[in-house]
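Line by line, the protein sequences give chains A and B. Going by our numbering, the first sequence opens with residue 1, and the numbers climb by one from there. Going by our numbering, the second sequence opens with residue 1001, and the numbers climb by one from there.
Keep in mind that the hints were calculated from the coordinates and are not lab data. It should be emphasised that the depicted structure is a prediction, and the values quoted were computed from it without experimental measurement. A few of these clues could be false.
[What the hints assert, rightly or not] Calculated pairs, EDC-like style, for lysine to aspartate or glutamate (alpha carbon to alpha carbon, straight line, at most 20 Å): (1) LYS203(A) to GLU1696(B); (2) LYS1544(B) to ASP58(A); (3) LYS1544(B) to ASP75(A); (4) LYS1681(B) to GLU1647(B); (5) LYS1529(B) to ASP58(A).
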Amino acid sequence: MKSVLQIARYLALKAVMLGVTVVVGCYLVVIIANMGGALDDVRRAEVRSNVGSSIFLDPANRGVPATVLTQMVDDLARLEFERLGLDKPFFPGRSLEYLFTALSLRLGMAEQLTSDTGSREVRRILAERLPSTLLLFGTSTLLLFFSAVRMALSLSRRYGSLMDRAIVGLAPLSAAPGWFYGIFLILIFAAVLRILPWGGLVKAPPPKEPLAYALSVLQHMILPLLAIMTGGIFANVYRWRTFFLIYSSEDYVELAKAKGLSSRTIQSRYILRPTMPTIVTSLALLLIGAWQGQIILETVFNWPGLGRQFLAAVNLNDTPIILGTTVIYGYLLAGTLFLLEFIYAVIDPRVRVGGGRR
Amino acid sequence: MMQRGNWPKWIVVLLLALTVAAGAMARTGAWFDEVIISEENNSGAAVARVDAGDADVFIFGITDATLFAQVRANPNLSYTRNVGSTSEITLNPVGPTFPGTGKLNPFSVPRIREAMNWLIDRDYVANEIMGGLAIPKYTSLSAPFADAKVRYADIYEEIVDAYSPDQAKAAAIFDEEMPKLGAVKTDGKWTYNGEVVNLICLIRVEDERRQMGDYVAGLLEDLGFETTRLYRTGAESSPIWMNSDPALGQWNLYTGGWVTTAIARDQGTNFAYYYTKIGRSDPLWQAYQNEPAYMTVAEKLWNNDFNSMDERRDLFEEAMWGAMKESQRIWVVDRTAFSPFIPEFKVASDVAGGIYGSQAWGYTAHFVDAAGNRKEGGTLRVLVNSMLSNPWNPIAGSNWVYDMFPIRGTGEYAYVRDTRDGLVWPVHFERAEVFALEGLPIGSDPRHTWCTLTFVPEIQVPADTWYDFDATTQKWITIGEAFPEGTTAKVKSVIYYPDDLYNTPLHDGSKVSLADIVMAMIIQFDRAKPESKIYDEAAVPAYKSYMTIHKGYRIVQKSPLIIEYYSDSYQLDAEITAYAFGVAGGSVVFPYYAQGPGFWHTLTLGILAEEEGLLTFSNTKAGRLGTTWASYIAGPSIEILAAKLAECKASAYRPYLPTMEEFLPASEAVVRWTRLESFYKTYGHFWVASGPYMLERAYPIEKVVMLKRFADYPLPSETFTFLLNPLP
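Isolated chain B, as found in the complex:
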């Protein structure tokens, strides 16, 4: 019996118990119980379907201004916007006359190119031509990204002021420079050698760049030029502007465009990429002639050849103004796209990639009730404009952006990329220590306490560090063997994994093991070795490139796991430098490959099938061998993978045994094959991952993907909901 005087104490105990119980029952992983993704290839119909309650969200980034106006005016719909692409005017720099035609090319004069900045009214293009779905753009830097928005916002603003529209000024410069080229203005028309100067405008027709091209051509006609407007698709125009010698004079200006699908934290390479010979080997780039001073700063920024962020700022200031003087490209607008959804739907949408490009959607997508509280459970109905157009496999499967949406929901990297600023938050590691050579321009964000940055005078790579993989012996080549005299690195990252890493559940009931991480390290090298049974010529270029910066991996401790990663490559942010180790942008910190999640047992099936020439991971190799491109979710690959599974289970197969024996006990192999078989029998596919959603089934012909909540996912659902809030 409760004594009267003790009742306050009992209430406290009761409240505590309730709190603990509620905590114990707190939902983990995904907010929704299931997600149904289906195809709708018409944006107008998709908006109508969301409005009619037939779907909850259309994840495609729509750029139709009329639809945008409809959605904005509709109280039943919400939307999110993202920076999708960039539109610009590329100018042909060859001249003063084209050797191919003898015609005059005014854009060979840097001052005339610069004058184009004053001639074009970017606000008009953004608001009138693009219907408000664009932001005026003055430099190659994207306005919403760190360099333009935060680091050098002041310089960016100065440039905006200096180059605001002033058509009289532009006309005056043309009038000043054209006579120097030998041109004469007669009856309001510029003539050269007795002929009216004709400018060939190569205008893309697929989007509003058609109107933009007409607008610019019209402005040039007002200045006294004749124009020839060539309306072409992207495929038709690239042989002309990009792959032909610009000296042939087939074009004077081109309405270019560039796509952005991820937040760029460092846009320092833009100044060399878009304006100098360094950028690309194509004929247009090789025709660029730059001021020596500009070339110097662009090259320094390309090579990260500076010692501090202050020095970088000076280089940026010089490069930003210098690029305006060079003006081989006139940046016009950053295009924005929108995705409509019902107001109850909330998700962390990526500033650059939108909802479809958000790496965090699986963790954050949910409904709210009328009071704004998050709802648990339910079904999310997603529409996407195109899906399942290529096979899924983790190594070199579909890279179609809309296939990546369900793939990201099922798999996970070692980290989650912050949808607001592009920095990352750890998922499968606890913390990282980054050591960098003194003088390297690396910084860290104080909000990211999981990452520490230390500058050191030298980083010696230990002799027992794994450097490369010998495909013949299937053993690691150590730094001691590759560099007997020893070698150094520019950065070292020490990743500390959590105690319970090996308790991380996979969708087939297995647990993550160290073998999964070691396998990820091996495969990226093995596929590029001619003596390997899974040699793929398409993997060689990325391997060769990686080896110019790679310095090795070293397992310091198996449990709790600690791994050191050495490299000569670094990013400006320590948080990104910490994990960025892997061929072709992959990361071996956790087994997520270029095109999706993969664990040693599922990958082994594909490897064995590729060894026998039954399947290949890459499309390129499939084309060369005339065999099937591996799909882990459907189609003829499944039977082949199932046959390999039966063989592996029968022999308790372990891959790369000379190396893996140390990390992969026979008992683990038995368990993995048994669980994978059970998974296959239940779901009929081999897409095993560790993310908050699991692939229940893909219907390739019907174009439907069914995801269901992975009930064993360990992290609380609230873990990444902070990404829904604006940046502090």
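Pulled out of the complex, with its shape left as it was, chain A reads as follows:
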């Protein structure tokens, strides 16, 4: 009974800490995204500038008295200020409104951007970009992760082999990001060889048959996937291989080898199992990282993902979208960290939730 209470108290404390971190993190995003409220002056100036130009430079207003035009600018600017909330002070009201709308996951309405299908709801804006984002970055994350772990395990048993030395030698290639390789891949496979598409989600016009559509999407995923893999595989393999090497030289592994256990058994029981918490943590964090997409890679491949949407929101100072993206990531991260507490306990017998003693 005591240990249950202890666990509950620990979990509650953990949840509160994570919750507070999310709240503080989101409020910081609100403040930073709005330059501590100073952005209001910039936005008011932009509104007045745009409205003024559209009215005074419109030939259709020829003959309308200047006083009427000035009034027209004032009226339209006032309406836009009201729409954007610029008629109210940023602190504390608007900043807290942003925060609570986001934290409640209502997310509210975007101020500048619309969803691809024309909605201003932040939820819909994010939801529309989510499938293509998860498709590309979820796939690439899983592919990259499992292939790297698999190769690393193999190399950890062949330390000093030709392949091992090759991977070590190639690891610096990962210093360049995936989009960098993407540019070259486009040049080679789209511009010169003309066997793969330049970018986009699907060919134009999009096929009407679902199967043909899916195949076209897969075809369009090849180059970005290849770019991500090229940019990440060597360093990942190198990192995991080094990690596994450390565990491979533990005394209990040496003892298992001396006992004549098979390589497969050693790998699964004596290397993988104790390293499982690290592997699971890494995978979980990589997967939730896929939520945010990759801004430059999406731009290079014209991929309609959340990364480009986020960039557009930053460029247009669309706080609800910036915050919506952030708060969901925050919740995913907090939730993942919370869940990992349990997962560690399941996969690693040395771990006890709440720090209980054996």
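Starting from the known structure of chain A, fit chain B onto it as the hints suggest.
For chain B alone, kept in the frame of chain A given last:
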């Protein structure tokens, strides 16, 4: 049997028959069978894709000089150029010292500002900094437009000669004027009150204005000033230069820019807009102090307060030279942009708006064969840098310039704007008679025989003319009711529509009716009335402005349709005055609204949805109500519009019945709803128009728009190909 002696006659008959048959089969509407528009946000990649045969044209106006050099050197590529924007140096006129800082501001002296014209080498900026994608600019008038290019080309040339670069002259003026301000030159540096005079240069960083700003700052340093260079984006800089009091002394010069997307036929307002308090209410403009003589001419040109084109010329001459003396702005270059395409592609590209801004692209775009003959059919693959970023609806939908490209291909105004000079050619009316008060400076172009101009001593507006709309009773308020004592107008335009106007087909199989035109007249007033169910506060300012010049519409005859339009507003060209009637620049001569084509039945769906708060036409109202901005092409709006369609079809609904009953028979409503339902079932959207292309489908997430040729379009494809030729 043909008799031997008659064979020449039979051959003539045969040839005639063939000619008639060929004529009967002549292609109508669009040259292409389909157009596929997709997104490519990288200009370099777009050029490579066109070069590689992956696309036929990239319609974005590119300003990258390196890419331009590549395209020019590539025999596989052609290009068209357009005037995209203007770069200038805005000078802070406050002084001689800034009250905010006590620092000296040399640009408070008009003569020093004028000297900046000699200091800056515009050719250097155009050729070296802008890489040849610019034209040196000396006045606020755009060199390719009518005022600078045709009407006052001689004055413009004189100014170019007078203000050609002369840095020694500029330096001499600085040396002459600075001591008058109390400045002293010590060791080659200008000092004031013991401190070196520092000029704050606010430099935009998004384009070559960064280099231009550095160049000008460098010239000023050579003259003995210190400079502080503030590199800022547009958003960061506008609170400083435009919205803050210039007396605070936060800046001395700013690298400004202005965008041009349409050919301006009359640039007379420039002299007040860019140089005087009249121009804008922002603090910088309110700081302008002008010579009284300049202010007088600028104000006259702003108000069109002159009686003839000769008088206008005199005012322009005075204003053009006067503006150089005022020089609150130093005009540097008209920037040009280019759009690359394959050599087989031909299109009427707009001098100002390029391909994306061409209102005539849908009529004129085609391929040619090796012999230069026009090809019929085929697919045009278009790349655009950004698209479908906002919902499309005709009233207040997307105004994104690249969305307007497909929108213009599907819809049409009553006229086509000439891509070469900005005048117009009628599409849905035959001719126009313009009556103007004697003494008004209006002229007409003899090539445009469809328009006649007559000067009259007075234009009395008939009492039964529709003046305003009563949103409560849903009936017109006539001139007789609004002005019991009667009223006059400055211009009247009588539009004569063709006999077959009511046979004009729409994309859903319906035909244009008078109800469509009356609806266009109603909506522009109704949305601005608080008692209306579709009241939108955002529509009020434009309505109020319009009512200061509007005098009414009068249907003279229903078939063939003749409508009189009365106004106190006019343009210098009778051809433009003829059709320019409508709130916020819209035209009610044919139902094309501010953001696209709309017909009474499609608009009714949006109106009913807005009445219930399910959708709104404007973004502003959507934001205020927290509801959805209406999209006629995709997204959650479609289901709502479809539900309204079902209701309308069930009840054979007719909008604004107290007024529309006269123009909209119940039978027409039944036909329209049935055809719209069929159209929706086929295409899944409500973008019904009358243009040469119809929207087959928009793919908002994939960023693809599919247009297909509207087979029933009545006008021959050759109708507007003359726009491809240079002006005579």
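Item checked: Holds or violated: LYS1681(B) to GLU1647(B), with C-alpha atoms at most 20 Å apart -> 16 Å, holds
Margin query: Need the status of pair LYS1544(B), ASP58(A): alpha-carbon distance at most 20 Å?
Written below: 15 Å, holds
Next item on the list: Given the hint that LYS203(A) pairs with GLU1696(B), test it: the Cα-Cα distance must not exceed 20 Å.
Entry: OK: LYS203(A) and GLU1696(B) at ~16 Å, within 20 Å.
Note to self: Between the alpha carbons of LYS1529(B) and ASP58(A), is the straight-line distance 20 Å or under?
What the structure shows: 23 Å, violated
Next item on the list: Given the hint that LYS1544(B) pairs with ASP75(A), test it: the Cα-Cα distance must not exceed 20 Å.
Entry: Satisfied, since the Cα-Cα distance of roughly 11 Å is no more than 20 Å.
Violated hints amount to a single one, hint 5; each of the other numbered hints is respected by the structure.
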